[in-house]
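**Q** Single-letter residue listing:
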Amino acid sequence: MKAAIALIVFAAVAAVVGLLAPIYDWAGGLRFASEMFLYLAMAQMWNLLAGYAGLLCMGQQMFIGLGTYALFYSSLQFNVSPYWVMPLAAVFAGAMAALAALFMFRLRVIYFAIGTWILSDMIASFISRTPELGGASGYQLSEVLPLINFDWFDQVIFWIAAGLAYAAVWGAYALMRSSIGLGLMSIRDNDLAAASLGVDVWINRFIVFVIAGAGCGLAGSVYFTAQLAMGPQQAFDPNWVVAMLFITIVGGIGTLEGPILGTAIYFALREVFTNVLDLSGAWYLIALGGAAMIVMLYAPTGLWPEIRDRFGIAGLSVRRRPPPGLIAKTS
Amino acid sequence: MKLLEARGLSVFYGDLQALFDIAVAVEPGQTVALIGANGAGKTTFLKSIAGLIASKRGSIAFEGAEIGALPAEQIARLGLTLVPEGRLLFQNLTIEENLLIGAYTGRKGYWNLGRVYELFPAMAARGREMPFVLSGGEQQMVAIGRALMANPRLLLADEISQGLAPVVVDQIYKSFPAIRAEGTSIIIVEQEVRRAAAASDYTYCLLKGRVTLEGRSKDLSFDQLSHAYFGA
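Top line first, the protein sequences correspond to chains A and B. Okay, so the first sequence: first residue is 1 according to my numbering, each after it adds one. Okay, so the second sequence: first residue is 332 according to my numbering, each after it adds one.
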């Protein structure tokens, strides 16, 4: 009941903020909000992988790149507006995730992390050496620009990004409440007991991996549509997964609210470090890494679980938690 | 046709051999007791049947089909369900969610959430609580209920009386006739010889990875059993 109220309040606040933003007609703010929503969607996908499915994927940027390439390539090839081929980006990235899973799932934990990272680098290197795929310079949407109405461009991107972020959060919530989520959580608790009760570890993880691939592919393609240009360096940038990891771990891995809080912190720090403190390049990354380490030392499970337990907020919990008194009694 | 038939089953942990040429058979509707001291190989035997140990030799037939090479989740779907040693409840899931995981195979039959609560009425009011608030005996009931939710043809009950007070163990054993009545056969792994013999139709005694005695439970004398149990 408490959880349901929290959900409704949260959705209402988010919806009002979202509805008002375009009316301000503040293009810079709109772009900033779009970027935040896209990062949130991506981080939530990574959280599903690492926080729920036990898949430490360090090559998740490959799906951002693949989705982006699917969109740019098909938009330019068939001369259609990028909006119409966004679903294709999701489908293509999801299909590639399914293909990658067949090989990558043979690798365990840390080998999986390294394997996915290398696979992403391989694809990026292959594309930048293939002139038929745009080579090292990538693609620009210049030929299809007449198909885009630039009076509404920032607004449309904003709505898509916001919709994607909502879909990512609620989709993750629905998934974790489903039998797949129950299976995943049982695997996380004890994989032997889960397997001996008929829970198929492989297929549960496969479903999540494909969903996360499709989600990141779509989010990436929207991000680069907003930029109107991309290259293999940017689309397959390992910094994508670093951002997803930072947001998820600082916010609270394995919680659905964690990435929301983490996204807010990530962007707040980015603004403070780059605009207020005027840090650039390496100094910015060092500051960001320092912030992550401080959080990990004081709140190893992330900030959201700390806040939740201190104030007893139910939030988006997919578990039915016992009252705090019962926890205290056993310790 | 036998429900379960293991022949020439040998199991290895690396270079160490834990089971040597085991032959065990379970008839439909039968309750079979597997007794033996610590380290005799009882748990290893159950785990290898449930598909949790890959490194084995020999044949395991379930309802006539070879299952030795199948992964655990496929064996579970055939109706062979393990109540693991130490219960292994999912600590981050509620009691009811633990039971629901048992229904993951989608096997239809007599058992469902309501019927499990009927069998263990103490659990009915506590579905939303977490497993750690339960006593050991109650946790064992959840573990058995979770396995029953799969509507198994054969239930493998590993050390279900371990660490429990005798009065609680009595309660748990009292649930067995109801389980059998719905057509489920049971293999009980037990250290307490008398209790196992009383609750079963047929007994196997294991010692250091080998079957040292088998027979109809009521035909085995206590002397025979203790000789086979200790190897003295």
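Where hints are given, some of them may not hold.
[Unchecked claim] Derived SDA-like pairs (lysine to any residue); straight-line CA-CA distance at most 20 Å:
#	chain 1	residue 1	chain 2	residue 2
1	B	K333	B	P452
2	B	K439	A	L147
3	B	K505	B	P452
4	B	K539	B	L347
5	B	K539	B	D550
6	B	K439	A	A268
Source of the hints: derived by calculation from the structure; they are not laboratory data.
**Q** Output the numbers, in ascending order, of every earlier hint that fails for this structure.
**A** The structure breaks hints 1, 2, 5 and 6; every other hint is satisfied.
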